[in-house]
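Could you put together the complete structure from these sequences and hints?
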Amino acid sequence: MEYGVVYLVLAAAFGLFMAWGIGANDVANAMAPSVGSKVLTIRQAVVAAAIFEFAGAVLAGGEVTATVRSGIVDAGLLEDSPEVLVFGMLAALAAAGTWLLVASKKGWPVSTTHSIIGALVGFAIVAVGWSAVQWGVVGKVVASWVVSPVLAGLASFLLFRSVQYLVLDNPDPLRAARVWVPVYIGLTGFVIASVTLLKGLGHLGLAFSEAQSYGYSLLFAVVLWLVGKGLVARIGVDPSADRDFHFASVERVFGVLMVVVACAMAFAHGSNDVANAIGPVAAVVSVVTSDGDVTAQAELPLWILLLGGVGIVAGLFMLGHYVIATVGSNITQLTPSRGFACGLATAGTVVFASGFGLPISTTQTLVGAVLGIGLARGIAALNLRVVGGVFMSWLVTLPAGGILAVFFFYLLMLAFGG
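Just so you know, we're using my numbering here: the sequence shown kicks off at 1 and counts up by one.
Honestly, the hints are just simulated from the structure, not real lab data.
Virtual Cβ for every residue (Gly too), placed ideally from N, Cα, C.
Treat each hint with caution, since some may be false.
Across the chosen pairs, the derived CB separations fall in these ranges [stated by the list, open to error]:
| id | residue 1 | residue 2 | range |
| --- | --- | --- | --- |
| 1 | Gly-236 | Val-142 | 47 to 53 Å |
| 2 | Lys-140 | Asp-293 | 22 to 28 Å |
| 3 | Gln-164 | Thr-41 | 23 to 29 Å |
| 4 | Leu-302 | Thr-41 | 40 to 46 Å |
Taking lysine to any residue pairs in the SDA-like style, the calculated list, with each CA pair at most 25 Å apart, reads [said to hold, decoys possible]:
| id | residue 1 | residue 2 |
| --- | --- | --- |
| 5 | Lys-105 | Pro-399 |
| 6 | Lys-38 | Tyr-165 |
| 7 | Lys-229 | Thr-335 |
| 8 | Lys-105 | Phe-407 |
| 9 | Lys-38 | Ser-290 |
| 10 | Lys-140 | Trp-130 |
| 11 | Lys-38 | Met-318 |
| 12 | Lys-106 | Pro-301 |
| 13 | Lys-105 | Ser-393 |
Rendered as structure tokens:
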């Protein structure tokens with residue numbers, strides 16, 4: 001291709017920009033419950049998220065990337081004009097990244113998944129027509145945006161009910177917390193490890209059988225359970241705090257669990273949402289390196305996953321604290337026991353979807369989990385005005401991504417004489 005090197009440089013730059021936007025905006029979904037429940041400060045949350053977002057992106061980000069890379073737009077219709085596909089992918093990255101920059105500065109928790117898929121659909125309709133969009137795949141993705149909040153809400157409801165039954169309603173809740181919190185820690189480790197080993201490591205050349213995956217996951221869960229027991233045993237009773245709030249010492253025990261869940265959420269988020277940045281980059285790289293063959297199925301280079309991970313971490317450090325504060329403080333009042341149920345339900349749903357290649361919205365999944373907690377405590381516990389505002393931001397994001405993508409697509413066509 002005539003401008004092949006230029007296209008690769010632009011793809012890397014725009015992909016980094018998009019990943020930066022994800023870090024600035026969407027990482028709030030991973031860290032907000034721990035900040036809102038006052039287990040971690042924003043500074044501590046940013047450092048923890050940086051480590052585990054990067055790990056999730058690199059270790060388990062390959063499956064969803066394949067869906068965003070080639071599942072939304074029918075590349076076969078562009079066999080005679082590969083540069084149009086390149087321009088479209090670049091335009092989608094620029095559009096979604098721009099919208100995320102605007103939203104992050106305003107503190108709006110929008111969906112990065114909506115942003116990139118709306119941009120891809122907008123480009124495809126304008127460049128080729130409605131037939132270029134693989135509506136069956138888009139339909140499954142859209143369905144997942146409905147199903148995932150419902151599943152997360154149900155999971156968080158059941159988890160918090162189990163906490164109420166096993167711990168909070170126990171005659172000696174502190175003793176019960178010391179018994180059950182390490183079990184919940186082990187459960188968290190098993191969920192994350194099993195899906196990662198079963199589905200996430202193929203692009204790294206690491207393949208495990210189902211029995212091996214579950215065996216290693218169980219071993220990892222046992223290790224976390226033992227570590228959790230040791231950490232929980234070191235937490236003392238605070239009689240003065242317990243006088244003001246009967247469950248103060250119990251919630252301190254759950255604080256250990258909340259840190260584990262926050263890290264699991266960051267890993268899950270990195271595994272799913274990195275695809276929003278690097279899927280289009282992978283498509284451009286594939287077309288350019290195959291000399292214009294839009295149907296080529298090249299291996300996903302590791303450097304692209306690293307690019308996504310670095311971008312997410314950079315955006316998180318530079319601008320992520322705005323949205324973390326908004327989501328962590330305004331949707332509902334969270335304690336460590338509530339935040340745990342919300343966080344594990346979100347992490348489990350997201351990492352499960354990542355393993356099966358579904359680019360779901362982490363924002364929607366988290367809100368669904370929070371609503372589940374609200375139902376467990378009573379709907380009055382939710383700030384419905386804020387939840388309504390989040391819903392409105394989702395509705396605006398899809399057309400915003402599409403309109404911006406059309407603008408950038410024509411700009412690139414003009415710049416390269418397309």
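We went through each hint and held it up to the structure:
no., hint, result
1, Gly-236 <-> Val-142: 47 to 53 Å, "50 Å, holds"
2, Lys-140 <-> Asp-293: 22 to 28 Å, "26 Å, holds"
3, Gln-164 <-> Thr-41: 23 to 29 Å, "28 Å, holds"
4, Leu-302 <-> Thr-41: 40 to 46 Å, "33 Å, violated"
5, Lys-105 <-> Pro-399, "19 Å, holds"
6, Lys-38 <-> Tyr-165, "24 Å, holds"
7, Lys-229 <-> Thr-335, "21 Å, holds"
8, Lys-105 <-> Phe-407, "22 Å, holds"
9, Lys-38 <-> Ser-290, "51 Å, violated"
10, Lys-140 <-> Trp-130, "17 Å, holds"
11, Lys-38 <-> Met-318, "22 Å, holds"
12, Lys-106 <-> Pro-301, "34 Å, violated"
13, Lys-105 <-> Ser-393, "14 Å, holds"
Hints 4, 9 and 12, counting from the list given before, are not met by this structure.
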